[in-house]
Amino acid sequence: MQDKVLYEYAVIRVVPRVEREEFLNVGIILYCSKQGFLGTKIQVNQERFKAFPCTVETAELMEYFRIWERICKGGKDGGAIGLLPIASRFRWLTSTRSTIIQTSKVHPGFCIGASETLECLFQELVI
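Residue 15 is where the sequence shown starts when you use this note's numbering, and the numbers rise one by one after that.
Derived by calculation from the structure, the hints in this document are not laboratory data. Treat each hint with caution, since some may be false.
[What the hints assert, rightly or not] Simulated restraints on C-beta separations:
hint, residue 1, residue 2, range
1, 31, 126, 33 to 43 Å
2, 81, 35, 18 to 28 Å
3, 129, 109, 21 to 31 Å
[What the hints assert, rightly or not] Straight line, CA to CA, 25 Å or less: simulated BS3-like cross-link-like pairs of lysine-lysine:
hint, residue 1, residue 2
4, 87, 18
5, 119, 55
6, 18, 64
7, 90, 64
8, 55, 90
9, 48, 119
10, 55, 18
11, 90, 48
12, 90, 18
13, 87, 64
14, 48, 87
Cβ coordinates follow ideal geometry from the N, Cα and C atoms, glycine included.
Modelling step: build the complete structure from the supplied sequences, incorporating the hints.
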């Protein structure tokens with residue numbers, strides 16, 4: 015039997031108007047140190063998104079999420095943040111901020127496979 019390893023995750027949220035504190039869960043970011051894994055899974059439900067008063071276009075929002083994905087992968091494509099160690103990239107992406115893209119608090123758990131756990135959390139908390 016494989017040993018379970020610690021992972022951390024946060025729910026990625028779109029907050030169309032920060033002052034209203036309304037949000038839509040659109041994704042998951044998951045970090046597992048032991049497996050060297052940092053990944054996101056994001057999907058914006060257009061129907062739900064349009065129900066919120068918003069000044070940002072969906073295309074612009076999706077470009078922000080593509081940047082998040084590049085940061086998770088690491089390297090030059092992720093800019094200066096993408097060059098940081100994997101744990102620092104996770105902490106940077108999940109830090110508290112007052113912008114249109116926010117995350118929940120970070121939650122821990124144990125898993126065997128980080129990518130499979132990312133998919134399960136996405137199905138449970140976003141879809």
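- Query: Does the structure break any of the earlier hints, and which numbers would those be?
  - Reply: 6, 7, 12 and 13
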